[in-house]
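S.K.: Okay, here's what each chain looks like letter by letter:
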Amino acid sequence: MSTVERMAGGLGTWLDDRFGVARGARKLLRKVFPDHWTFMLGEIALWSFVVILLSGTYLTLFFKPSMHEVVYHGSYVPLQGVQMSEAYASTLDLSFEVRGGLIMRQIHHWAALIFVAAIMIHMLRIFFTGAFRKPREVNWLIGNVLFILAILEGLFGYSLPDDLLSGTGMRILEGVLLGIPLVGTYASFFLFGGEFPGQLLIPRLFTIHILLIPALMVALITVHLLLVFYQKHTQYPGPGKTNRNVVGAPFLPIYTAKAGGFFLIIFGLSALLGGLVQVNPVWLYGPYHPAQISAGSQPDFYMGWLEGALRAMPAWEINAWGHTVSFSVLVPALVVPGIFFTVLALYPFVESWVTGDKREHHLLERPRNAPTRTAIGAAGVTFFGLLWLNGGNDVIADKLHLSIYAITWFTRFALFLGPVVAFIVARRICLGLQRRDRDKVLHGRESGIIRRLPSGEYIEIHEPVSVEERYVLTAYEVNRPLELTDAVDENGIPMPNGRVHKVRSALSRWYFGTRVEKPTPAEYQQLTAGHHH
Amino acid sequence: MSTHDEMTPGAEEQAAPSGPEHTSGLVPRDEVRGRHARAVDDIVPAVDGVVIEADDHEFAPVERITPDSTVARTYDDPFPNPGPPHHEPRRTDVDPRAARRADRQVAGMFGLATLLLIGFIVSFVAVDMDQMISLPLIGKIGAQNALFGVTIGGALALVGVGLIHWARKTMTAVELVEPRHPLRSPEPKREEGAAAFRQGIEETGIGRRPFLIGGSLLAALGGLLTAPLVLLRDLGPLPEKKLRHTAWAIEQRIVYENTNEQVKASDMHIGTLVAAHPLGVEDPNRLAKASIFLIRLDPSEVKSQRQLDWGYQGIFAFSRICPHVGCPVDLYEQASHHLLCPCHQSTFDMVDGAKVIFGPAARALPQLQITADGEGNLMAKGDFTEPVGPSFWERG
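Chain order of the listed sequences is A and B.
Using the numbering used here, read the first sequence as starting at 1 and increasing by one per residue.
Using the numbering used here, read the second sequence as starting at 534 and increasing by one per residue.
Isolated chain A (complex conformation) (with noise of 0.2 angstroms):
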């Protein structure tokens, strides 16, 4: 017996005295985790979140979230003299008076902003593969949340340092905030502590960032990843995997070892881009003053999609009744972010409704396989990308050197065309790869070899894919449409809720109406059977 098996033992017999742990210890430590690389979009997500905790907790041992108005004396020349508020000079002062300081803001902000995108390429992931079905909607309900609550995080904590960019972005957010009917400017006038800039904000973003959010954050991730672990993991299609069992490496101590190894790899290239590539460099923005701006401001790129959702909106305002209703704000600022996460959030029900299908999945599908939310999702893409661009659109017009109007007017129509257009590129393209794949399964592949028949015709040799391959491109499912034979039964009574099993067959129809069927075992037969004479 080793020293390490030693120990462990000793400890296992300690541990086991009092919870007992010895119990459950040989099914979770050696519980199965499949593995493929999609798996560590979450995993990128999670780890940059620790990175992000520990960085911050460092970050509030100097910084001071306070208002108050100080003149600045520390080693930054070009400052020296200027008047600000003590949260942008504490800013300064880590970076510039801390040893250390200056990289752990810098981790923060790439460890930020790494989290926002691998929580989208995930979401992306588990929306295109079919991961949300039944029985995982809750947790794909808690990802959403954790969504927003990270964009609102960060939104908060880039704010933090009250300099003129960030500032903007907050007076941005009162005109938002002033914009919301009937209680709008309440809104406003409480947040900010009276009216706008005030002296409380900086503290109150403060404690919604470092305590309010993150709680809950830690919170969700927690129920997020217990009930992966509970639930198991889903798996792709292939030799060897049903929808009955998992596949993959055990948590002790395959898993273990990767997935902590990746935790420090994370950790390691945030640590490389904190000491290498300046992030917010909030000393070169000068310190907030309400009567300021710089041109060509950029938020941080989570944010891009509502600004340029501000920016693509005409004017719209109406006046009535003593009352002002804008238009122009309340629809790019809230309408469309709420119309955007309530679909994101909803959808795996309304799958579910109009599909008919109630069962538990496991396996995951390709893409190709459910076309029309392929199409769905890309639709989605393309407005999110739209929206996107044009938050940067002066950035676009300085660089390619194009009328900033020109591209707000093209964003207007592609924000309606471009995702019917995705729609139907990529249905088309999910059923191209059906059939290619169908043919693969049928004909074999193109081996490349030519060869000339006595006839002298030439003919391309197919070989036939292997039996894991093949099995790989017909695991799925040919879904049909729901059908609605009667809507009167014998005695002639309608059925209950006629309209609406009417709309759910249509709804299905479009959703399963064009589909490519899977090659038979007696096709394929057949076909074999002819290349062999």
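Note that these hints are calculated values from the structure, not bench results.
It cannot be assumed that every hint is accurate.
To be verified - FRET-style restraints, in silico, Cβ to Cβ:
1. B:Ile666 to A:Leu53: 26 to 34 angstroms
2. B:Ile671 to A:Asp398: 18 to 26 angstroms
3. B:Glu834 to A:Asp398: 27 to 35 angstroms
Remember, it's a predicted structure, so these values are computed and weren't measured experimentally.
Even glycine gets a Cβ: it sits at the ideal position worked out from N, Cα and C.
The hints should help you fit chain B onto chain A, whose structure is shown.
M.R.: For chain B alone, kept in the frame of chain A given last:
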């Protein structure tokens, strides 16, 4: 599925079993198939060519959904599942020298990480914070910060890569197969759970007087929720008319934004645009609304009579706060007389009452009536006649 009889599309599906799925009037056209849940508790390593937990039912649809199965249909794969792929031994599994080399590589990475950590401590104490270095691609950056990044980042990443290398090269590589059971409890267990819950509720006796006790409890809890709302009342003052007024008043002198010196009409040349604010106003809260810009134009070019009337010798004062969401408008193009908000590109026509000609702003920039005192210093004739800045519900 008891309700789907009238809808069942094909005769062969008539035999489809009843179960929890498809409770509405619609069913998929192809049948719903079920299979028995299997009780395999052991985690079994995959053996070459053998389908773990494969039985006759594994890939063949079974007619009935058993009560403890919610997996109503397996994937009706036309080709049989070939089972886990053949396990290929790694080089390190068969060649002891390769295994030893992998061990050395792992230990090397861990060792290098320790060296980098020492480098980090050295750079912490020995490198000056102000020292700059130039790096290719990155440019000129702080030397100490860059060293921190390389040393800590490198050390962390090396330990990480080392761990993964270890897992990939020499840790036992075995694909395990674990069975997955339906998440839903078997029917008897569900009954038991529901019964326990019913019993618990029954024992409270709430069924006897649901409205008296239950209703008053809900009302009390709901009422208590208002307490935090009341407590939040003092987060800020009420808006009242605060958004309607600014620091401008009659004979309020105008000073330059940057220098705080009074603006003389004679200082302004045609085409000049300067930011300004009321004399003596330093409070950011008041500046946030009172910020203006002054512009001098050739009066013959100005189309709006009101603009001319409210100006002074071709000098006009407008609010700088964009009526969209409140950014200070700033980018002036002399040739076209267009003023652009840098945030969302609302564009205002400065020779036509600052009317909006593009972008999301729905209103012209409010104009401030100005005149000059005996010494030629510009001053306001009063406050703005309308609220400045973003729209709000009570604006009207």
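S.K.: For this structure, which hints from the list above don't hold up?
M.R.: Of the numbered hints given earlier, the structure breaks none, since each of them holds.
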